[in-house]
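S.K.: So the chains spell out like this:
There are 2 protein chains.
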Amino acid sequence: MAQSPVLSISRRIRSTPFTRRVEAAGVKGYTVYNHMLLPTVFDTLESDYHHLKSKVQVWDVACERQIEVRGRDALRLVQMLTPRDLRGMNPGACYYVPMVDETGGMLNDPVLLKLAEDRYWISIADSDLLYWIKGIAYGFRLEVDVVEPDVHPLAVQGPLAEDLMSRVFGEAVRDIKFFRFTPMPFEGTYLNVARSGYSKQGGFEIYVSDAALGEPLWDRLFAAGEDLDVRPGCPNQIERIEGGLLSYGNDMTRENTPHECGLGRFCDTTLAIGCVGRDALLRVASEGPIRQIRSVAIDGDPVPTCTDPWPILANGERVGRISSAVWSPDYQTNVALGMIRMTHWAPDTRVEVEAPDGMRTAVVQKGTFSQRAV
Amino acid sequence: MAQSPVLSISRRIRSTPFTRRVEAAGVKGYTVYNHMLLPTVFDTLESDYHHLKSKVQVWDVACERQIEVRGRDALRLVQMLTPRDLRGMNPGACYYVPMVDETGGMLNDPVLLKLAEDRYWISIADSDLLYWIKGIAYGFRLEVDVVEPDVHPLAVQGPLAEDLMSRVFGEAVRDIKFFRFTPMPFEGTYLNVARSGYSKQGGFEIYVSDAALGEPLWDRLFAAGEDLDVRPGCPNQIERIEGGLLSYGNDMTRENTPHECGLGRFCDTTLAIGCVGRDALLRVASEGPIRQIRSVAIDGDPVPTCTDPWPILANGERVGRISSAVWSPDYQTNVALGMIRMTHWAPDTRVEVEAPDGMRTAVVQKGTFSQRAV
Numbered sequence: 001m002a003q004s005p006v007l008s009i010s011r012r013i014r015s016t017p018f019t020r021r022v023e024a025a026g027v028k029g030y031t032v033y034n035h036m037l038l039p040t041v042f043d044t045l046e047s048d049y050h051h052l053k054s055k056v057q058v059w060d061v062a063c064e065r066q067i068e069v070r071g072r073d074a075l076r077l078v079q080m081l082t083p084r085d086l087r088g089m090n091p092g093a094c095y096y097v098p099m100v101d102e103t104g105g106m107l108n109d110p111v112l113l114k115l116a117e118d119r120y121w122i123s124i125a126d127s128d129l130l131y132w133i134k135g136i137a138y139g140f141r142l143e144v145d146v147v148e149p150d151v152h153p154l155a156v157q158g159p160l161a162e163d164l165m166s167r168v169f170g171e172a173v174r175d176i177k178f179f180r181f182t183p184m185p186f187e188g189t190y191l192n193v194a195r196s197g198y199s200k201q202g203g204f205e206i207y208v209s210d211a212a213l214g215e216p217l218w219d220r221l222f223a224a225g226e227d228l229d230v231r232p233g234c235p236n237q238i239e240r241i242e243g244g245l246l247s248y249g250n251d252m253t254r255e256n257t258p259h260e261c262g263l264g265r266f267c268d269t270t271l272a273i274g275c276v277g278r279d280a281l282l283r284v285a286s287e288g289p290i291r292q293i294r295s296v297a298i299d300g301d302p303v304p305t306c307t308d309p310w311p312i313l314a315n316g317e318r319v320g321r322i323s324s325a326v327w328s329p330d331y332q333t334n335v336a337l338g339m340i341r342m343t344h345w346a347p348d349t350r351v352e353v354e355a356p357d358g359m360r361t362a363v364v365q366k367g368t369f370s371q372r373a374v
Numbered sequence: 001m002a003q004s005p006v007l008s009i010s011r012r013i014r015s016t017p018f019t020r021r022v023e024a025a026g027v028k029g030y031t032v033y034n035h036m037l038l039p040t041v042f043d044t045l046e047s048d049y050h051h052l053k054s055k056v057q058v059w060d061v062a063c064e065r066q067i068e069v070r071g072r073d074a075l076r077l078v079q080m081l082t083p084r085d086l087r088g089m090n091p092g093a094c095y096y097v098p099m100v101d102e103t104g105g106m107l108n109d110p111v112l113l114k115l116a117e118d119r120y121w122i123s124i125a126d127s128d129l130l131y132w133i134k135g136i137a138y139g140f141r142l143e144v145d146v147v148e149p150d151v152h153p154l155a156v157q158g159p160l161a162e163d164l165m166s167r168v169f170g171e172a173v174r175d176i177k178f179f180r181f182t183p184m185p186f187e188g189t190y191l192n193v194a195r196s197g198y199s200k201q202g203g204f205e206i207y208v209s210d211a212a213l214g215e216p217l218w219d220r221l222f223a224a225g226e227d228l229d230v231r232p233g234c235p236n237q238i239e240r241i242e243g244g245l246l247s248y249g250n251d252m253t254r255e256n257t258p259h260e261c262g263l264g265r266f267c268d269t270t271l272a273i274g275c276v277g278r279d280a281l282l283r284v285a286s287e288g289p290i291r292q293i294r295s296v297a298i299d300g301d302p303v304p305t306c307t308d309p310w311p312i313l314a315n316g317e318r319v320g321r322i323s324s325a326v327w328s329p330d331y332q333t334n335v336a337l338g339m340i341r342m343t344h345w346a347p348d349t350r351v352e353v354e355a356p357d358g359m360r361t362a363v364v365q366k367g368t369f370s371q372r373a374v
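In order, the protein sequences belong to chains A and B.
Residue numbers for the first sequence follow my numbering, beginning at 1 and rising by one.
Residue numbers for the second sequence follow my numbering, beginning at 1 and rising by one.
It is worth saying that the hints were derived from the structure and are not from the lab.
Check the hints yourself; a few may be wrong.
One copy or two, either will do: identical chains are not told apart, so a pair holds if it fits within one copy or between any two.
Unchecked claim - Below, in silico cross-link-like pairs of lysine to aspartate or glutamate (DMTMM-like), each with a Cα-Cα straight-line distance of 25 angstroms or less:
#1 K28 / D43
#2 K200 / E162
#3 K28 / D308
Since the structure is predicted, the reported quantities are computational estimates derived from the model, not experimental observations.
Using the sequences and the accompanying hints, generate a full structural model.
M.R.: Rendered as structure tokens:
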């Protein structure tokens with residue numbers, strides 16, 4: 001596999017309200033996510049990483065498409081879609097909600113925003129979850145509209161995120177609690193601002209509900225943050241693996257239950273909440289998963305890109321597979337995520353990983369890399 | 001927009017059983033299609049094009065994922081999914097089947113293969129149609145399995161396709177009729193071979209039902225076709241626009257009805273076939289669409305890549321938009337596809353197109369470019 005193939009663009013791979021600014025800023029690579037462009041690197045993966053961990057970045061994450069569910073049966077529908085108990089959810093809350101099919105297989109791991117009792121946004125990972133939700137709504141003849149609104153998230157991430165955001169949206173942003181959102185004024189309208197984002201460095205996601213505001217918002221953030229060394233950024237492969245942030249399609253697929261992904265705490269299948277997949281997950285919850293995602297340190301030189309999963313072996317027997325791996329400058333090892341059988345998932349278990357360039361030794365970690373000191 | 005951004009790869013952007021051969025053959029660009037790699041160019045777009053129209057090419061179209069529907073309610077489900085009347089469909093037939101939501105909006109435009117009375121494959125365009133089908137099956141509690149089998153199409157396209165195929169699969173391939181498939185022997189097993197493909201040059205699609213056979217099949221085709229100048233290829237942007245082959249996500253989206261896409265002949269909504277979207281499409285069918293896709297010749301130098309739709313204007317008023325456009329060496333003009341209002345869709349209507357590099361004159365065509373002599 002060539003490391004840097006060229007991406008041919010077309011209307012089918014959609015650009016975002018921020019793409020022109022991203023291009024002007026010298027983006028060096030993209031991936032495709034929900035049929036849209038998602039930047040992957042601006043300077044180098046490592047310099048983007050160091051900057052993210054020390055300063056503040058603005059990320060074009062418009063590819064986190066929103067699905068709006070509204071109407072009389074809105075709560076009934078969203079509760080059908082996830083095993084997480086939504087009964088205590090209030091407007092202004094963000095919930096991380098695994099969504100599964102009838103067998104308990106992961107379909108997506110979105111963030112649910114409750115706008116009102118009868119109105120929700122579902123901020124999705126990389127799969128056309130809209131099709132599933134429309135199919136369920138149609139099949140159960142629910143009184144709901146299920147639409148993809150013109151809403152484009154822009155993330156502000158890094159330790160200086162709060163300082164930058166307060167200069168654009170006012171001091172009130174400091175009061176937004178983790179996984180809560182509130183409408184904040186911008187250019188004569190209001191944008192929902194959440195304290196959330198796909199990094200462990202802290203920050204916000206701004207739900208830009210009018211594409212025309214994309215460039216003015218981008219420009220305001222960069223003008224306000226010049227002395228903070230604000231830079232364009234994107235979800236960083238190194239930082240997210242260190243932090244144990246899972247990527248749908250990479251670390252989990254329809255093959256996996258939430259429990260295998262370490263998301264069992266979001267599954268309240270013992271309660272009578274009536275979600276799709278409840279029966280299958282109840283079985284898993286009572287027995288426990290027989291494999292689960294773990295952080296893994298892989299020895300040796302920096303690993304190549306993990307495109308197909310790498311087998312994890314113990315005494316020549318296959319006990320799991322690595323799905324994401326990259327060299328970490330801070331931890332001076334290859335940090336990785338992989339699904340490992342219960343026989344070998346205990347912390348400090350020594351295993352072998354069959355990387356494309358040869359066998360390597362590796363060690364199962366306790367928790368995530370970012371939970372321990374560098 | 002940079003013309004050649006780099007694509008960052010990961011497990012989420014899946015490689016195919018043919019990717020190693022495609023890489024070894026020097027692929028120059030990819031797009032992402034159904035979360036998989038789809039090659040876009042090998043030599044140059046134009047030399048690939050001339051070769052496709054005169055010789056034979058082997059295409060990695062494994063991204064045409066298969067959805068298998070099987071079980072007692074299989075026919076009931078597939079008929080719910082499309083407005084096309086499936087009552088006359090026999091095993092061995094391929095049907096092009098627009099699939100729509102309850103409002104008649106296009107969700108995908110797959111090819112349906114009938115394997116048996118209770119078993120179908122749906123060979124999909126670029127959207128997670130599996131999610132829609134699983135949602136409908138679940139909502140209606142149908143007795144079906146809906147799965148994504150390990151089947152990877154490889155296309156053989158071009159005027160010499162039949163000669164090449166007969167050397168690998170025997171003379172019987174010449175008897176396969178257009179949009180029919182039949183199991184053909186290969187390496188001790190049988191692969192379904194259809195006379196179909198995303199070009200107007202004739203050819204076949206081989207449904208490789210075992211990933212391990214991918215490379216042996218690729219190698220056999222190249223060994224057998226050396227004197228035919230067989231080359232690796234891929235759907236060619238120039239040839240497909242000349243031929244009026246629509247691309248889901250480019251030329252049509254959920255916003256469009258089949259009738260707007262010129263697919264009204266595949267909609268039998270006057271019959272009581274009970275498909276999703278029937279009510280909405282019946283309305284459209286009785287009134288006719290007010291806009292429709294047309295081939296358009298755009299004057300001037302070769303156009304840039306069409307990423308966002310380009311407005312079509314007449315007397316300063318917006319009457320449509322171009323969704324795909326490219327320079328055609330054979331027709332010595334820019335060939336394009338666009339959605340145009342009925343007031344301006346008549347052949348030979350002169351319009352203006354607002355391309356990124358300025359206004360251009362353009363002419364609405366009668367039929368497709370490939371229907372007239374070069």
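S.K.: Each hint should be assessed against the structure and marked as holding or not.
M.R.: Hint by hint, here is what the structure shows:
1. K28 / D43: both (7 angstroms within a copy, 24 angstroms between copies)
2. K200 / E162: within (14 angstroms within a copy, 57 angstroms between copies)
3. K28 / D308: both (23 angstroms within a copy, 21 angstroms between copies)
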